[in-house]
Amino acid sequence: MSKFRKEGGKELPEISTASLPDIVFMLLFFFMVSTTMRDVELNVSYVQPQAKELTKLEKKDLVSNIHVGVPLRKYQKTFGTESRIQLNDKFATVDDIQAFIASEREARKEELRNKLTTSLKVDRYTKMGIIVDIKQELRKASALKLNYSALQGADEN
Amino acid sequence: MARKTPEINSSSMADIAFLLLIFFLVSTTMDVDTGIYKKLPPIPETDQPDEEIKVKKRNVLAILVNRNDELLVNGELLDISQLREKTKEFILNPNNSEDLPEKQVKTVPYFGDVMVSKGLVSLQNDRGTSYEMYIRVQDELAIAARELKDEKAMSKWGKIYSELDKEQQDAVKKYVPMAISEAEPKNVGGKR
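Protein sequence lines, in the order shown, are assigned to chains A and B. Read left to right, the first sequence gives residues 126 to 282 (the numbering used here). Read left to right, the second sequence gives residues 6 to 197 (the numbering used here).
FYI, nobody ran anything at the bench for these hints, they're computed from the structure. Given the structure is predicted, the values throughout are model-derived calculations rather than measurements. Do not take every clue at face value.
SDA-like, lysine to any residue: derived pairs with alpha carbons at most 20 Å apart [unchecked claim]:
no., chain 1, residue 1, chain 2, residue 2
1, A, K240, B, E107
2, A, K202, A, K270
3, A, K270, B, L97
4, A, K265, B, T39
In silico negatives: residues of chain A with every beta carbon more than 10 Å from chain B [as the list claims (entries may be wrong)]:
no., residue
5, P138
6, L152
7, S159
8, L182
9, V195
10, Q201
11, T203
12, K215
13, D220
14, Q223
15, A224
16, K234
17, N239
18, K240
19, L241
20, A279
Positions of the beta carbon are idealized from the N, C-alpha and C atoms, including for glycine.
Bound conformation, chain A alone (with noise of 0.2 Å):
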């Protein structure tokens, strides 16, 4: 007479996995909208300093990096072990940081242009002297917004 008496006997329905798509499709485009590729392959290794105090970058695509680094072992025969500036794919110099900055620039909207951020990625133990170079040019390039780029340290408080 009980509604919930169980019917013995049965079998346990099967889980229906026909909605099984839906989901990793789901899934699947989160992830491509949310994914970045990585946009340049790194010739110069570097290990980014600590710091306590940052901010975080938000704007990505208004992002233009400046690597600074150790060569990595296979271009050592050429570029020596001291630290060296990296733009886009190539090794560069001091000098060529203006021309990158203007194409840099060329490559976004117009109206987003003085948006634009440098971030330094460098080195921890590289000599301020190549940095300073780098600012002077970025100053002569009028990109004054610069993103000195650290990781998160310890804090020991």
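Since chain A is already given, all that's left is putting chain B on it; use the hints.
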């Protein structure tokens, strides 16, 4: 004759989607770029005459970093761990000491007429200074500035600086100004 089109078997759809999903999972980089944000000063106009801005010695906190990553703050050798306190003391000048910066009465919204420090931090480094040291100094200065702002915000509103709204933040910024000027680098401490 109308024939029924056979239904396409969609059981492999999940597999295809999984394959794509795994590809994007692997290739994705979720890292956010973090760092210390700075604004560079623009290059001065060339036709402008070079006017030396006179600043009294007591209003300047001169930080020199040499090629051995040693700090000299106003002629005194300091460890990096002491820099934060030194900077805060310099800006606040709690005892109105003679060799710490002068203060000036300014009207700040929310606070009214307050004494605002005229202090200026000047940072100079050698070409041989390591980048890590430079970042640490910048970081310590940034922390000092943030702690000062937090203190003021805490005593006024009971909140830390980053929780205030825009106008309140501007007021606090005016109250505890933190001007950092970076000089052109010199070869302090010998040739490379």
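Against the structure, the hints come out as follows:
1. This hinted pair does not check out: K240 of chain A and E107 of chain B have alpha carbons roughly 37 Å apart, beyond 20 Å.
2. For the given pair, K202 of chain A sits about 35 Å from K270 of chain A by alpha-carbon distance, which is inconsistent with the 20 Å threshold.
3. Restraint check: the Cα-Cα separation between K270 of chain A and L97 of chain B comes to about 29 Å, which exceeds 20 Å; the hinted pair is violated.
4. Between K265 of chain A and T39 of chain B the alpha-carbon distance is near 25 Å, which puts this suggested pair outside the 20 Å criterion.
5. Every C-beta of chain B lies more than 10 Å from that of P138 of chain A, the closest at about 19 Å, which supports listing it as non-interface.
6. The non-interface label for L152 of chain A is inconsistent with chain B: the shortest C-beta to C-beta separation is roughly 6 Å, within 10 Å.
7. Distance to chain B contradicts S159 of chain A as a non-interface residue, since its nearest Cβ pair spans about 7 Å, not more than 10 Å.
8. With a least CB separation of 4 Å from chain B, L182 of chain A falls inside the 10 Å interface cut-off, contrary to its annotation.
9. With a closest Cβ-Cβ approach of about 12 Å to chain B, V195 of chain A is found to remain outside the 10 Å limit, as its non-interface label requires.
10. Under the 10 Å C-beta cut-off, the non-interface status given to Q201 of chain A relative to chain B holds; the minimum distance is some 20 Å.
11. Under the 10 Å C-beta cut-off, the non-interface status given to T203 of chain A relative to chain B holds; the minimum distance is some 23 Å.
12. Interface exclusion of K215 of chain A from chain B stands, the closest Cβ pair being 22 Å apart, more than 10 Å.
13. Chain B leaves D220 of chain A outside its interface by the beta-carbon criterion, the shortest separation being 16 Å against a cut-off of 10 Å.
14. With a least CB separation of 12 Å from chain B, Q223 of chain A remains clear of the 10 Å interface cut-off, as annotated.
15. No Cβ of chain B approaches the Cβ of A224 of chain A within 10 Å, the least distance being about 17 Å, so the stated non-interface status holds.
16. Remark: the non-interface label on K234 of chain A is consistent with the geometry, its nearest Cβ contact in chain B lying 21 Å away (cut-off 10 Å).
17. For N239 of chain A, the requirement that its beta carbon stay farther than 10 Å from each beta carbon of chain B is met, with the minimum near 13 Å.
18. Every Cβ of chain B is farther than 10 Å from the Cβ of K240 of chain A; the closest lies at roughly 13 Å, confirming the non-interface assignment.
19. Here L241 of chain A stays apart from chain B, with its beta-carbon at least about 13 Å from theirs, past the 10 Å limit.
20. The Cβ of A279 of chain A lies farther than 10 Å from every Cβ of chain B, with a closest approach of about 13 Å, so its non-interface assignment holds.
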